[in-house]
Amino acid sequence: MTDLKSLSLGKRIQALRKQQGLTQEALSEMMAISPQAVSKWENAQSCPDIMALPRLANCLGVSIDLLLTGEDASATPNTPARKPEELIVRMAVEEPGEVRICINLPFAFFRYAVLYNMLTFTFSADGDEINPATVQALHNLDYKAIVQMIESGVTGKLVDVNDASIKLAIWTE
Amino acid sequence: MKIRIYDPRKDADKTFWIPTGFLFSKVGMYLMAKSVSAQARKEYEKKLEAAWRTQGEVDVDDLISLEDVQKAERLDPPITEEQAREMFAVLKDSKYLMRGLPLFSLESTKGFRVRIDL
Chain G
1104 MTDLKSLSLG KRIQALRKQQ GLTQEALSEM MAISPQAVSK WENAQSCPDI
1154 MALPRLANCL GVSIDLLLTG EDASATPNTP ARKPEELIVR MAVEEPGEVR
1204 ICINLPFAFF RYAVLYNMLT FTFSADGDEI NPATVQALHN LDYKAIVQMI
1254 ESGVTGKLVD VNDASIKLAI WTE
Chain U
654 MKIRIYDPRK DADKTFWIPT GFLFSKVGMY LMAKSVSAQA RKEYEKKLEA
704 AWRTQGEVDV DDLISLEDVQ KAERLDPPIT EEQAREMFAV LKDSKYLMRG
754 LPLFSLESTK GFRVRIDL
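First to last, the sequence lines map onto chains G and U.
Following the working numbering, the numbering of the first sequence begins with 1104 at its first residue and continues without gaps.
Following the working numbering, the numbering of the second sequence begins with 654 at its first residue and continues without gaps.
Chain U extracted, bound-state conformation:
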């Protein structure tokens, strides 16, 4: 799964690769749920900013902390392992069906763009 972010202030984009299965792991689901809160997003903006300063590819160590992983391990996941397997299988088999469409795209008038492809 490819995440591409374009920042008009820097006139540059960054690409992150995340294994699709990661979304259905305890940590992946915890981060998805956590990202709903504004406070968490601010933290992530800081982390993204730090990641941007590094050269070349982004190190996921800059984005996911040990604390995140430990918290996620303690929580009950929102779906069962079987449900996660079903969802993962469907998503993984959908590359052809998607015909190059992004799973998610955002474009603001300020020029900020995010695109997530399978």
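Just chain G, same shape as in the assembly:
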């Protein structure tokens, strides 16, 4: 695990971003800024605006203390985990060189969608934008097991498929 204390602010942002499984584009989308701005932070060409720090820390899943210093002053072994209802289930599907799709659902909504069999994807298997193998991979996932994992306190990356034709990840944030 990277020692965050020894890193510069830019490299710390980069390390935390990668830890969250985010690309520069994804982080910039969450922050409503350009990907170039994120790149400049990471390469020490500029610093995030002070007003952006709470949002940046939130996006990276850390406290402002940890973001700025590499140490979390408030962290104790007894820090309660976040409730499942406070989590977002994030899904990213990428066919390298073709298409990238991201679905972000509040866990409470994701749970209902699974429970009521509403988690259907609006892609057809013979569509142009996404190949049938990818659709199949999405349909084959055991979403009920994912709900159970999150409800039992498992967080972070839950599914990670990475081969030449498809990258599929599901994680909580």
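Okay, derived cross-link-like pairs now, SDA-like style, lysine to any residue, Cα gap no bigger than 25 Å in a straight line:
(1) U:655 x U:717
(2) G:1270 x G:1118
(3) G:1270 x U:763
(4) G:1121 x U:751
If you're looking for bench data, these hints aren't it; they were derived computationally from the structure.
Could you slot chain U onto chain G? The hints should help.
Okay, now just chain U, sitting in the frame of chain G:
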């Protein structure tokens, strides 16, 4: 709920606003289910194309036909009214939790982009 589509062929984007509750109406759920078929998507591509030709905001009359509405009214919805209310309430209360994340985004290497925000 805001739907934004960027078409690189036109180097332009269009934004559609749909009430979040519409997704849980009979018509909304019918259209979601219908959109799974390739044939239906082709129809919608034609409708979107027509909508694109109009100036300014998109008229939903170009996207949802009377036939769609009548068909939807005849079908049993996939979830009950109570379940729809539960799902709608959760989604509506999640704006802060989403922190600006889109519910859905698609980006193709051809430059086509779709983004749906709560």
